[in-house]
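Asks: If you want the building blocks of each chain, they are given just below.
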Amino acid sequence: MAQISDLEFLRLSKAQKTGYKIRRFFTGIPKAIASFFLAVWHAIQKAGKAVGREISEIGTTFKEGDWKTKLSFLVMGFGSLARGQILRGILFLLFEIIFIGYMILSGGYWLSMLPSLGTQGPTKEYNALLDVTVTQYHDNSFQILLYGVLTIFFIVAFIYTWRVNIRQNRMAEKILATGKPLKSGKEDLHSLVDDQFHKTLMALPLTGILIFTVLPIFFMILVAFTNYDGTHNGYTNNLFTWVGLDNFNTLLSWDVTGGAGTQSYAATFGEVLLWTLIWAFFATFTNYFLGMFVAMAINKKGIRFKKGWRTILVLTIAIPQFISLLYVSKMFAKNGIINGFLMDMGWIKTALPFWEKPNWARITVILINIWIGIPYLMLITTGILMNIPADLYESARIDGANAWQQYRKITLPYMLFVTGPYLLTSFTGNMNNFNVIFLLTGGAPTNPAASSAAGAVGYTDLLITWLFKITTGAESQYYLASVIGILVFVVVALISLIVYNVMPSIKNEEDFR
Amino acid sequence: MSEAKRHMGLKASRALSNTAIHALLIIMSVIWLIPFICIVLQSFRVESTGPVGYVVPHQWGVDNYTKLFQTDFPKWYMNTFIAALITAVLQTVIVLCMSYTLSRFRFKMRQPLMRFMLILGMFPGMLSMIILYRILKDLGLTQANAVPGLILVYIASSGMGYYVSKGFFDTIPMSLDEAARVDGATRAQILYKIILPLSKPIVIYTVLTAFMGPWGDYVFARYISFGTSSGMNVAVGLYNWLNKDQIANSYTMFCAGGVLVAVPVTVLFMCLQKYYVEGVTGGAVKG
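If you're matching them up, the sequences are chains A and B in order.
All the letters of the first sequence, read from the start, carry residue numbers 4 to 516 under my numbering.
All the letters of the second sequence, read from the start, carry residue numbers 231 to 517 under my numbering.
A few of these clues could be false.
As the list claims (entries may be wrong) - Derived lysine to aspartate or glutamate pairs resembling EDC-like cross-links, with alpha carbons at most 16 Å apart:
{"id": "1", "chain 1": "B", "residue 1": "K423", "chain 2": "A", "residue 2": "D197"}
{"id": "2", "chain 1": "A", "residue 1": "K71", "chain 2": "A", "residue 2": "E176"}
{"id": "3", "chain 1": "B", "residue 1": "K430", "chain 2": "B", "residue 2": "E408"}
{"id": "4", "chain 1": "B", "residue 1": "K338", "chain 2": "A", "residue 2": "E176"}
Unchecked claim - Estimated spans, in silico, between C-beta atoms of each pair:
{"id": "5", "chain 1": "A", "residue 1": "A496", "chain 2": "B", "residue 2": "K367", "range": "25 to 35 Å"}
{"id": "6", "chain 1": "A", "residue 1": "K304", "chain 2": "B", "residue 2": "V497", "range": "50 to 60 Å"}
{"id": "7", "chain 1": "B", "residue 1": "P427", "chain 2": "A", "residue 2": "S194", "range": "18 to 28 Å"}
{"id": "8", "chain 1": "A", "residue 1": "A404", "chain 2": "B", "residue 2": "A245", "range": "14 to 24 Å"}
{"id": "9", "chain 1": "A", "residue 1": "F40", "chain 2": "B", "residue 2": "T249", "range": "51 to 61 Å"}
{"id": "10", "chain 1": "B", "residue 1": "T249", "chain 2": "A", "residue 2": "G349", "range": "28 to 38 Å"}
{"id": "11", "chain 1": "A", "residue 1": "K20", "chain 2": "B", "residue 2": "V497", "range": "16 to 26 Å"}
{"id": "12", "chain 1": "B", "residue 1": "V286", "chain 2": "A", "residue 2": "W363", "range": "53 to 63 Å"}
{"id": "13", "chain 1": "B", "residue 1": "L271", "chain 2": "A", "residue 2": "A406", "range": "34 to 44 Å"}
{"id": "14", "chain 1": "A", "residue 1": "Y23", "chain 2": "B", "residue 2": "V286", "range": "30 to 40 Å"}
{"id": "15", "chain 1": "B", "residue 1": "T458", "chain 2": "A", "residue 2": "I61", "range": "29 to 39 Å"}
{"id": "16", "chain 1": "B", "residue 1": "R340", "chain 2": "A", "residue 2": "L185", "range": "25 to 35 Å"}
{"id": "17", "chain 1": "B", "residue 1": "K367", "chain 2": "A", "residue 2": "W350", "range": "50 to 60 Å"}
{"id": "18", "chain 1": "A", "residue 1": "L293", "chain 2": "B", "residue 2": "S278", "range": "16 to 26 Å"}
Worth flagging that the hints you see were computed from the coordinates, not collected in a lab.
We put the beta carbon where it would ideally sit given N, CA and C, even for glycine.
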């Protein structure tokens, strides 16, 4: 769709403007996706060029370098040692020795087993001496995959360090050519608290992220391409192995026979995904608008005990969710307090099926989430609301705007502008809101059509709780959980991408800055 | 309508709307507080132990609290407390290191690093639990030894939660750093002597949230304790009391346990409320 100029836009009627904006949003989606792939392509090109540059630089370093530099290509840190930078030299050399030792002792084995993930499963062997049959364990697919990935990480780290080692030789030669002295080991150490301080500070956090986030994610992505599950745990019963894209085909197939219960995996997945999106939408926006409303109500001139109201609401944030949510979930149960109260008052004859009927459960979950969410949003919006320049309202009132118009034309645009990124993170956060769903319903009521396999998915299950159920059930289909995890990532990334790309065009309200 | 009359009308309508809002706020406060009042009342119920349809106990007593001490509850409580305390300290150190670096230093990998962490954050954290469980099991840090394992899981990736405190550091003017640099201070000295004293609110906010996370965590704790009672935290232990086969015997004990878990953290929270509000507000504005 053609973009129209600002002047033309202003001439449109109100309805046309809205229509135009909505059309712009949706026509913007393909462009946003295209621009993403374009950006990826450019990044690949750039990386390719960078690699080329690195290689040619390594070449010139070798060609122009002296014998110390040339020897450093084989013995890391030799150049540093020969030029008197003992500390650096020893560290490089030590790293190389450790690396080579590791590769010979175990790294080579893990790498060689990685393509097959093990060849020999556990066997039963008769022990004549003790007259018993014992199970002998051999290959361990899980360890092979894990240490294989670790070894690959280690090799990448080695190549990088080797490259740093080469570059340092080059730099040392250049510095010596100008007649200046090189940095001593003491100066190196001092720089770690001064101009290289960021490396010191980030060493620990980044190591943690690498081992406890990057490695597991890498591993789990790989698991999606294997048949790792409860009956193929890779050691004590059966080995697991690579299966290619089979798991993606399973999850996205409409085949009823091999599916979860009496409906296909694709149908189950579609249902859960749809509910996840609906839930995230309502959970985000009901909280947002109601929280803002409460904040405005408390902020309003002439309201007394402002601090008291806020404290009461904030109090509910402090109490751990597992207590409040579990308790509230029991309050709404068939024999719970709510039903008991309503029946005592004579308003209902039979207990209301808050958790028994799919749509009842879904609506109840959203309502209870409002109870959970309003205090947070009240806190967040209170501060921002107070930042809106008061003279904006003043002049609006003089022009005769009523409260609703003031809200619609001043408060809301300002709030959306300031909290736009927060809304996005809150939306994706709600898609993965494990606590509220799991503690309130545990996914119930169960979907009978999808019950047998695939972790007994229920009508209030989000993708994330479904994933959890799959990994804890009797069959523990880890591979399926991985596929779902990857798809969750794809959905979240896609939504973030579209919103980020489209937001600036919607967000033309720069007037406030 | 004369000017005076119009003024009166405005005043009346404002008074009316204020009364309505007051009424609304009172109703809201009741709705928000009722579950907590109920849980306290039911924790003192003696005549029965299962869930019932009324709130006020027919017979009052502290039996549920004394019974708690014959179960594994004290053990769970200690587990949770130790895990939360150590996590609060270590996580704060890590988060502050990370956010200070990303706010103050301009190095080549800064932007790619932040983008990378943003992408990492889009993967569901639950996914990595399967492998973390196996790794921790190999290290012997699960089930009965779950507490060190849990602490490791809580703090290891906390570097990714740098957003809020980075936003705070961004508001401290760079000219302070530069002045100190001119006077010959190292980067480390700037952090200890200038930035940290100015950052009391965000340090308290980080400690508070880092403490409250493990205090109420359920899913990781359940994975890592894996059915072994002595390694559970309060969330996992109390959750099990609401299972179908246990609820009739332990529902009121759950209430009593809930009260004991909620009271200290609520008191702490109320004392530090001001800092929490600052952190939450700042975090949302900066995204």
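Asks: None of the hints should be skipped; say for each whether it holds.
Replies: Cross-check of the supplied hints:
The suggested pairing of K423 (chain B) with D197 (chain A) holds, with an alpha-carbon distance near 14 Å, which does not exceed 16 Å. Of the supplied pair hints, the one linking K71 (chain A) and E176 (chain A) holds, its CA atoms being roughly 10 Å apart against a limit of 16 Å. The hinted pair formed by K430 (chain B) and E408 (chain B) fails the criterion: a straight-line CA distance of about 21 Å is larger than 16 Å. Taking the CA atoms of K338 (chain B) and E176 (chain A), the gap is near 23 Å; set against the 16 Å cutoff, the hint is violated.
Hint check: A496 (chain A) to K367 (chain B), Cβ distance near 31 Å, so the stated range 25 to 35 Å holds. Taking 50 to 60 Å as the suggested C-beta distance range, the pair K304 (chain A) and V497 (chain B) does not conform, at roughly 33 Å. For the pair P427 (chain B) and S194 (chain A), the beta carbons lie near 25 Å from each other, so the given range of 18 to 28 Å is met. Our hint of 14 to 24 Å for A404 (chain A) and A245 (chain B) holds, since their Cβ atoms are close to 21 Å apart.
For the hinted restraint 51 to 61 Å between F40 (chain A) and T249 (chain B), the CB-CB distance of approximately 58 Å keeps it satisfied. Against the hinted window of 28 to 38 Å, the Cβ-Cβ separation of T249 (chain B) and G349 (chain A) comes to about 30 Å, which satisfies the hint. Checking the proposed 16 to 26 Å range against K20 (chain A) and V497 (chain B) shows it is violated: the Cβ atoms sit about 52 Å from each other. At about 28 Å, the CB distance of V286 (chain B) to W363 (chain A) disagrees with the hint of 53 to 63 Å.
Take L271 (chain B) and A406 (chain A): their Cβ atoms lie about 40 Å apart, and the range 34 to 44 Å holds. Distance hint check: the CB atoms of Y23 (chain A) and V286 (chain B) are about 60 Å apart, inconsistent with the given range 30 to 40 Å. At about 54 Å, the beta-carbon gap between T458 (chain B) and I61 (chain A) misses the expected band of 29 to 39 Å. Checked against the hint of 25 to 35 Å, the pair R340 (chain B) and L185 (chain A) passes, with Cβ atoms roughly 27 Å apart.
For K367 (chain B) paired with W350 (chain A), a C-beta distance near 53 Å keeps the hint of 50 to 60 Å intact. Range check, L293 (chain A) to S278 (chain B): Cβ separation about 37 Å, and the 16 to 26 Å hint is violated.
Checked against the numbered hints above, the structure violates hints 3, 4, 6, 11, 12, 14, 15, 18; every other hint is satisfied.
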